[in-house]
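Sequences listed follow chains U and H, in order. Going by the working numbering, the letters in the first sequence line up with residues 1 to 617, in that order. Going by the working numbering, the letters in the second sequence line up with residues 618 to 699, in that order.
Calculated directly from the structure, the hints in this document are not laboratory data. Here the structure is a predicted model, which is why all the values come from computation and not from measurement. Hints may be right or wrong, so weigh each one.
[What the hints assert, rightly or not] Cβ-Cβ distance ranges computed for the label pairs, FRET-style:
1. H:Asp650 x U:Thr22: 27 to 33 Å
2. U:Leu408 x H:Asp645: 30 to 36 Å
3. U:Pro389 x H:Glu670: 23 to 29 Å
4. U:Asn341 x H:Thr640: 49 to 55 Å
5. H:Arg633 x U:Thr597: 40 to 46 Å
6. U:Asp97 x H:Thr640: 44 to 50 Å
7. H:Asn684 x U:Ala193: 41 to 47 Å
8. U:Glu220 x H:Asn684: 49 to 55 Å
9. U:Arg140 x H:Asn684: 43 to 49 Å
Ideal Cβ placement from N, Cα and C applies to all residues, glycine included.
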Amino acid sequence: MRESELGRSWGDLLGQIHPNLTYRELLSLSRQLKQLNSKEITEPERVAVVKTKIALVGNNTLSFACAPLEVFLAKQGIKAEWFVGEYNNYQQELLSDDSPLYAFEPQVVILALDHRAVHFMPEIGAVASSVSDAAERQVREWDYLWSKVKTRCGASVIQLNITLPHEQIFGHYEAKAAWGPTNFLRRINQLIAERAPSHVYICDTEQLSNRIGKRNWFHEPTWYTTRQAFGFEALVTLTYSLAAIVGTILGKSRKCLVLDLDNTLWGDVIGDVGVEGIKLGQGDPLGEAFIDFQTYCRRLKERGVVLAVCSKNNYETACTPFKEHPEMVLKLNDFGAFIANWEDKATNLKRIALELNLGTDSIVFVDDNPAERALVKKYLPEVAVPEMPSDPALYRRVLDEHHYFEILTLSQEDLTRTSYYLVDKKRKQQELATNDISDFLKSLEQECEVGPFDEINLQRIVQLINKTNQWNLTTQRLTEGEVRGFINNPSYHTYWVRHRDKFGDSGLISVVIAEKKGSEFDIQTWLMSCRVINRGIEDYLFNRLLEDARRLETTLIVGTYKPTKKNVLVSGLYEKFGFKYQGVDDDGASKWLLPLTENVTSRSCFIREAGSDRHKA
Amino acid sequence: MSKEIECHERLTKVFRENFDNPTLEIEDEHNADSIPGWDSLAHVTLIVSIEEEFGVSFSTAEIASLNCVGDIRKIIIERAEF
Numbered sequence: 001m002r003e004s005e006l007g008r009s010w011g012d013l014l015g016q017i018h019p020n021l022t023y024r025e026l027l028s029l030s031r032q033l034k035q036l037n038s039k040e041i042t043e044p045e046r047v048a049v050v051k052t053k054i055a056l057v058g059n060n061t062l063s064f065a066c067a068p069l070e071v072f073l074a075k076q077g078i079k080a081e082w083f084v085g086e087y088n089n090y091q092q093e094l095l096s097d098d099s100p101l102y103a104f105e106p107q108v109v110i111l112a113l114d115h116r117a118v119h120f121m122p123e124i125g126a127v128a129s130s131v132s133d134a135a136e137r138q139v140r141e142w143d144y145l146w147s148k149v150k151t152r153c154g155a156s157v158i159q160l161n162i163t164l165p166h167e168q169i170f171g172h173y174e175a176k177a178a179w180g181p182t183n184f185l186r187r188i189n190q191l192i193a194e195r196a197p198s199h200v201y202i203c204d205t206e207q208l209s210n211r212i213g214k215r216n217w218f219h220e221p222t223w224y225t226t227r228q229a230f231g232f233e234a235l236v237t238l239t240y241s242l243a244a245i246v247g248t249i250l251g252k253s254r255k256c257l258v259l260d261l262d263n264t265l266w267g268d269v270i271g272d273v274g275v276e277g278i279k280l281g282q283g284d285p286l287g288e289a290f291i292d293f294q295t296y297c298r299r300l301k302e303r304g305v306v307l308a309v310c311s312k313n314n315y316e317t318a319c320t321p322f323k324e325h326p327e328m329v330l331k332l333n334d335f336g337a338f339i340a341n342w343e344d345k346a347t348n349l350k351r352i353a354l355e356l357n358l359g360t361d362s363i364v365f366v367d368d369n370p371a372e373r374a375l376v377k378k379y380l381p382e383v384a385v386p387e388m389p390s391d392p393a394l395y396r397r398v399l400d401e402h403h404y405f406e407i408l409t410l411s412q413e414d415l416t417r418t419s420y421y422l423v424d425k426k427r428k429q430q431e432l433a434t435n436d437i438s439d440f441l442k443s444l445e446q447e448c449e450v451g452p453f454d455e456i457n458l459q460r461i462v463q464l465i466n467k468t469n470q471w472n473l474t475t476q477r478l479t480e481g482e483v484r485g486f487i488n489n490p491s492y493h494t495y496w497v498r499h500r501d502k503f504g505d506s507g508l509i510s511v512v513i514a515e516k517k518g519s520e521f522d523i524q525t526w527l528m529s530c531r532v533i534n535r536g537i538e539d540y541l542f543n544r545l546l547e548d549a550r551r552l553e554t555t556l557i558v559g560t561y562k563p564t565k566k567n568v569l570v571s572g573l574y575e576k577f578g579f580k581y582q583g584v585d586d587d588g589a590s591k592w593l594l595p596l597t598e599n600v601t602s603r604s605c606f607i608r609e610a611g612s613d614r615h616k617a
Numbered sequence: 618m619s620k621e622i623e624c625h626e627r628l629t630k631v632f633r634e635n636f637d638n639p640t641l642e643i644e645d646e647h648n649a650d651s652i653p654g655w656d657s658l659a660h661v662t663l664i665v666s667i668e669e670e671f672g673v674s675f676s677t678a679e680i681a682s683l684n685c686v687g688d689i690r691k692i693i694i695e696r697a698e699f
């Protein structure tokens, strides 16, 4: 994929936007976006930019909301012009036919009111009927404003409901007495919901304030010095949600949730541990968390979000838990698309979008692996890629807090959408343009450290040897004692590989055991953890083996591939490396030879050597 | 690095960022009159940015009365952990 440098910088900027930024970070992003705009740099063409006009009015200061709103809207491909009302001037602005607000011709009016805008508070000790009257009169006042907007300019209205303040003059009794301010404001919020006509959407500010806590939401120094009704942390939370609702009004909400499998829908790697080994289900804390996350995803599906799978796995392996695991909540027919292969995920997401006939900008991609997320962010900046927490127990909450799947109304189509995608569905095998993967690998800043087997790493080496199934050339299992036997055995040349990149340490992920037999360098075991497949680590290691084989004055490298049910992934490895096929033995294992002529050269890869001693010869 | 130098460097960074001026130099006596763009809105975003940069918070009275670089620097030196 080729994008201009300029297009890429726009994409990079979008990739940095997420709901947990600070106000200062948002200001900085907003300045950078402005700079790109002023240079008339256009966004990548995939992101169709929608222009809109938004008016912000209310009974408190709203000027600080524009910068974060601009940033969050940019993420959704929306560029807005602003009208910001004067402090506490919303009634005049909305009621007067010739107000500058109507001259501005907004498409969306955000009406930001807090409890101070409630004029009709009931008397202390008021009887129930007068309490209802007060609430009715209050909401009727706002209803009049809503109607006025509709008739005067036809804009949609986003009404903030009332954030309940944390002080309770009458203590807990406020929650009992109908006239109690706490109870009354709850009644007001209920009435807003009941009375809001179809062009009025509610931003549930009360719920947002509960999420970050009233102590964080209300920030008195900010109120007294700026008349902004909440602190700047609250402003970020609020503007993120407002942008999500504006996006939904403009048809930019997300429609499809694409899920990784291993360590996203269940614990551990299905290709390695099999259906009995994955963590999923009652009795195991993490297994229960995965069940709940699956249930959350299924509920999203039931309300109209299309689910899809994008996994680095063999297709058959990836399907097994759905068919065989008794506690699996999600079933194969819950997914509108199911892609499991070894290609990069940006390509696969494009494929999923094509299959489902959706834009990539309506996709949310959930993957536990930060490298996969980075690749998608880089090549498809319009895809929403939430930063998932390392603890799967928090997946549900984190995904939920992103407000990706806002709706304005619930339609019948929402409730039947996935079945639509499943009808008449033969998986289209499409050749799609592959991304320039080497750019991505370069950007990972990978380092490998290689060393011979030693006591410190013995446990992990034994574990890898006995657990790895997919990227494993001979699947030769060894006991701890056998592995220990290789240490200081002069005929054997052993290698462990540690890998890290800019996202963190992958740990010890690959193992090689080779034997020098006269002039032959015989690779008997070579395996690698699934987590780091397709990063070029095998190329890096091949170079190391080649170097050592030459230094040991051997003239031939011998490789073996022993097929199993799970290791088809590496069936072509030696051929790719230029080895010559030498036939199959009785066990079905194929022999591969690489004579060390001058023509054999090292392979290119984007991995640096970490600061370790060179492997001893 | 001494506390004063570090404070000066980080404070300069915040001012440059806030006033969108990559070459801005700040002196203790600089105030809203001598730094272009230091209006009441910019004052608030400046305070929010300084609070985040140094992990300090300003009281209501301070936000209202701080109006030169020196006043701000004094409070940071007093309150921030370096």
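Discussion item. Of the numbered hints stated earlier in the document, which are not met by this structure?
Written reply: 2, 5, 8
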